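Asker: Residue numbers (this note's numbering), protein chains in the order written: chain B, 9 to 451; chain H, 400 to 783.
A couple of the hints might just be wrong.
Said to hold, decoys possible - Calculated pairs, DSS-like style, for lysine-lysine (alpha carbon to alpha carbon, straight line, at most 27 angstroms):
id, chain 1, residue 1, chain 2, residue 2
1, H, LYS693, H, LYS674
2, B, LYS130, B, LYS100
3, B, LYS129, H, LYS406
4, H, LYS406, B, LYS204
5, B, LYS96, B, LYS132
6, B, LYS100, B, LYS129
7, B, LYS132, H, LYS406
8, H, LYS695, H, LYS644
9, B, LYS100, B, LYS412
10, H, LYS409, B, LYS204
11, B, LYS96, B, LYS129
12, H, LYS644, H, LYS699
Just so you know, the hints here were simulated from the structure itself, not pulled from any lab data.
Just so we're clear, the structure is a prediction, and the values are computed from it rather than from any experiment.
Letter by letter, the chains look like this.
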Amino acid sequence: MTTPLPLSGIRIVEPGQVWALPYAITPLAAYGAEVIKVESAVRPDSSRGSPQPDSQVGGEPWNDGGMYHEANRNKLGVSLDLNTDRGKELFKELVSVSDVVAQNFPPRVMRNFGLDYPNLKKVKPDIIVLDSTAYGSSGPWQNYIGYGSSLQAVTGLTYLTGYEDGGPVQGGILFNDSLGALNATYAILLALAHQKRTGEGQWIDLSQYEAGVAHLGEAFMEYEINGVPPSRRGNSHPDHAPYGVYRCIGDDNWVSITVTSDAEWGNLVRAVGEPWASNSDWATVEGRLAQRKTLDDAIGRWTADRDKHEVMHLFQAGGVAAGSVYNTREIATDPHHSDRGFFAISQHPEPVGPRPHSEPLFRLTGVDRPPDRLAPGFGEFNRQVFCDLLGHSGEEYKQLMDQKVIADIPANPGVTPPPDVAGLLRMGFLAEHDLEYKSRLGI
Amino acid sequence: MSDSVLKDIKVIDLTQHIAGPYCTKLLADYGADVIKVERPDGGDPARRMGPFPGHESHPEKSGLFLYLNTNKRGITLDLKSGEGRDALLELVRDADVLVESYSPRVMPSLGLDYQTLSQVNPRLIMTSVSSFGRNGRYRDYRASELVLYALCGMAYITGGYHREPVKHGYNQAQYLGGVAAASGTVAALLGLWRGGGHGQQVDVSILECAISTLFTTFLDYTYAGMVSRRQPATGSSLRYPAQTKEGYILPTPGVMGDWDTYAAMAEVPELQDPKFATPADRQLHSDEVDDLLKAKWLEKTAEEWFHHAQEWRFPFSPVQTMEDISGSPQLEDRGYFVEFPHPAVGTLRYPGAPFKMSETPRRQSMPAPTLGQHNAEVFQAAES
Numbered sequence: 009m010t011t012p013l014p015l016s017g018i019r020i021v022e023p024g025q026v027w028a029l030p031y032a033i034t035p036l037a038a039y040g041a042e043v044i045k046v047e048s049a050v051r052p053d054s055s056r057g058s059p060q061p062d063s064q065v066g067g068e069p070w071n072d073g074g075m076y077h078e079a080n081r082n083k084l085g086v087s088l089d090l091n092t093d094r095g096k097e098l099f100k101e102l103v104s105v106s107d108v109v110a111q112n113f114p115p116r117v118m119r120n121f122g123l124d125y126p127n128l129k130k131v132k133p134d135i136i137v138l139d140s141t142a143y144g145s146s147g148p149w150q151n152y153i154g155y156g157s158s159l160q161a162v163t164g165l166t167y168l169t170g171y172e173d174g175g176p177v178q179g180g181i182l183f184n185d186s187l188g189a190l191n192a193t194y195a196i197l198l199a200l201a202h203q204k205r206t207g208e209g210q211w212i213d214l215s216q217y218e219a220g221v222a223h224l225g226e227a228f229m230e231y232e233i234n235g236v237p238p239s240r241r242g243n244s245h246p247d248h249a250p251y252g253v254y255r256c257i258g259d260d261n262w263v264s265i266t267v268t269s270d271a272e273w274g275n276l277v278r279a280v281g282e283p284w285a286s287n288s289d290w291a292t293v294e295g296r297l298a299q300r301k302t303l304d305d306a307i308g309r310w311t312a313d314r315d316k317h318e319v320m321h322l323f324q325a326g327g328v329a330a331g332s333v334y335n336t337r338e339i340a341t342d343p344h345h346s347d348r349g350f351f352a353i354s355q356h357p358e359p360v361g362p363r364p365h366s367e368p369l370f371r372l373t374g375v376d377r378p379p380d381r382l383a384p385g386f387g388e389f390n391r392q393v394f395c396d397l398l399g400h401s402g403e404e405y406k407q408l409m410d411q412k413v414i415a416d417i418p419a420n421p422g423v424t425p426p427p428d429v430a431g432l433l434r435m436g437f438l439a440e441h442d443l444e445y446k447s448r449l450g451i
Numbered sequence: 400m401s402d403s404v405l406k407d408i409k410v411i412d413l414t415q416h417i418a419g420p421y422c423t424k425l426l427a428d429y430g431a432d433v434i435k436v437e438r439p440d441g442g443d444p445a446r447r448m449g450p451f452p453g454h455e456s457h458p459e460k461s462g463l464f465l466y467l468n469t470n471k472r473g474i475t476l477d478l479k480s481g482e483g484r485d486a487l488l489e490l491v492r493d494a495d496v497l498v499e500s501y502s503p504r505v506m507p508s509l510g511l512d513y514q515t516l517s518q519v520n521p522r523l524i525m526t527s528v529s530s531f532g533r534n535g536r537y538r539d540y541r542a543s544e545l546v547l548y549a550l551c552g553m554a555y556i557t558g559g560y561h562r563e564p565v566k567h568g569y570n571q572a573q574y575l576g577g578v579a580a581a582s583g584t585v586a587a588l589l590g591l592w593r594g595g596g597h598g599q600q601v602d603v604s605i606l607e608c609a610i611s612t613l614f615t616t617f618l619d620y621t622y623a624g625m626v627s628r629r630q631p632a633t634g635s636s637l638r639y640p641a642q643t644k645e646g647y648i649l650p651t652p653g654v655m656g657d658w659d660t661y662a663a664m665a666e667v668p669e670l671q672d673p674k675f676a677t678p679a680d681r682q683l684h685s686d687e688v689d690d691l692l693k694a695k696w697l698e699k700t701a702e703e704w705f706h707h708a709q710e711w712r713f714p715f716s717p718v719q720t721m722e723d724i725s726g727s728p729q730l731e732d733r734g735y736f737v738e739f740p741h742p743a744v745g746t747l748r749y750p751g752a753p754f755k756m757s758e759t760p761r762r763q764s765m766p767a768p769t770l771g772q773h774n775a776e777v778f779q780a781a782e783s
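Construct the entire structure; sequences and hints are all you get.
Answerer: Following this line, the structure appears as structure tokens:
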């Protein structure tokens, strides 16, 4: 039995930028919320421009960027200059017919516009407002700015990532944007539940710093309990061995292997089927931990002339946790994701063409979700929202365009030039430039 | 029990380790009545995972378990016995939600698949969070945090150019899976309340959650065929943690809009030389840029650089340790940490709410349950 889209009838206004907030709204739009993304009529969302299809800049590069497409599917998009009085009025009109406002400017921005929670609550008493900021809307650092990479450092994650014999390491520049987005999604759903049960709105003050520390709870507890701040330990695990990545045949190929019980070690010994693995010292976890280095070397010698995928599937068939160290090409073409339909192809207009996009991270299996609608072009829904929804006349609409309160083309697109792919490849920043990627993706 | 959003929502919690318990913690901290069901012989394996006071393992003293199980009641049941299964079905009868984090074959093997549970309670929402999701060819594969970090692509792009790929510290993928599962649960509740009348199963793959954290890198492939990898050290003074007089700073230039301002902020006028003007120029002369900046960063502490750069509106941040975080003036000012007693470990500080809600704040009414702590009250209530 299928149930209706759980968020149908909910309207969300999203002055969000880049990833940490727009990506929080993606699943809400996928499950039926009507999302109106509000962008500056002057300088659009800076994620609009990248990456460009085949690193070629087309005629409207602000409509062609992959990041923007991924995070903004199923949304309506309008452009509005909030620096103008008329722009602020229109924003309030939108709020007056909406349930949620979610945004990620630094705290002073919406305050300066007079569009912060206390003001929006006057317009719509049961409104839910979520402010997603780097450090929160109060406190000595409230006006400090931070991107995903900054947050990774300040939350403790960078210090705790890296090799035992090396310095702190950053992993993935947008990691904490996604982390913040997942938390923002949950916060909004909770507030909608409260609104549904009581009719009350509220203000959500999301500090990405605080959300990030919450995901390192046991590291904080380690310091709290024993008074010593934990440090980096590479891939190793304090309680288990083997637990690491091992080199395989080919250039920069690795497989991860982790054994978390003596029974699993027995499985590994059987899967390997060679005498070296039957070393009786390694039958217990104490023995394996005591000889971690010798054990890792022995496994590494065995994997060195084997294919990583073969090792993964051989071990998994025998009951050992193992996984190839995938690059992005291997993720995009892994049949497990096809089995689950994690990626579905959307048809974008040229020059973008067909591209795969992902399913929501939580799947409501009783809901029949319609196919995705494409992310909106810049200002694409201006007329629908300002005229059809808010009831302004065609004449007013023309005036707004003339006064540049709204726009169809961004005054300052701010599109980053595409990367020099050959140069990046030559200097070692890329593993490969796959010219066959479209056929591999079936697009 | 104090009010919060999910007041009166009854959750049967069959989760263990990290992802599932973090999901039910998020539900419990925001008001749900979560009944954590543990096996009688030892309970949740997280009870045997550190940190422990004095590094001595004790089932009631795991810092990980204590953090992940706040505000839950705890009972013990052997789900493999007929009696245990019957008792569970009795609990499910008037529950709103059941969350489980077993490998997907386990619940059906216990005779507790969604179809069976929904016959007992058609309004039940069943949230399943697993490493690979409920279907697909790796469904029954084994995983660990490291294996997920390998398969999600993050390890391949993290670490030294010439060294092995490395995962993020601790259990990041598990936490992401937990948050997504909590979202799915509340989304399904909204669906029920908005007129569906029927429960449903929510399916979360921790692997998919981890993949979502590198979508920008992923889209470089699906839009342009570029396959990223661990980066060479060239130009690292602008991208990587840099040693300062005390601690490390992340000297992020932001959108690189104005290089001259960056050079002025960093107090390195040599960098205003036209030969460093564009990103391509700086790439070409990256050794010089690195030498100049790395020497400069050593002149102040990380904390001094942080405040200095922020005054100039550059998003620098200090590479903080848990000691720094414990003493963070920003977290202190916002009352982030919560402090409460537990019978086995006494009073400790814990990370508090991941976000602040003005009308329905995170509650703190109970520490994590001891094994079987609420057996009597839960089973008596079920009988009456």
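Asker: Give a verdict on every hint.
Answerer: Here is how each hint holds up against the structure:
no.	hint	verdict
1	LYS693/H x LYS674/H	holds, 19 angstroms
2	LYS130/B x LYS100/B	holds, 10 angstroms
3	LYS129/B x LYS406/H	holds, 25 angstroms
4	LYS406/H x LYS204/B	holds, 13 angstroms
5	LYS96/B x LYS132/B	holds, 15 angstroms
6	LYS100/B x LYS129/B	holds, 10 angstroms
7	LYS132/B x LYS406/H	holds, 25 angstroms
8	LYS695/H x LYS644/H	holds, 10 angstroms
9	LYS100/B x LYS412/B	holds, 18 angstroms
10	LYS409/H x LYS204/B	holds, 18 angstroms
11	LYS96/B x LYS129/B	holds, 15 angstroms
12	LYS644/H x LYS699/H	holds, 5 angstroms
Of the numbered hints listed earlier, not one is contradicted by the structure.
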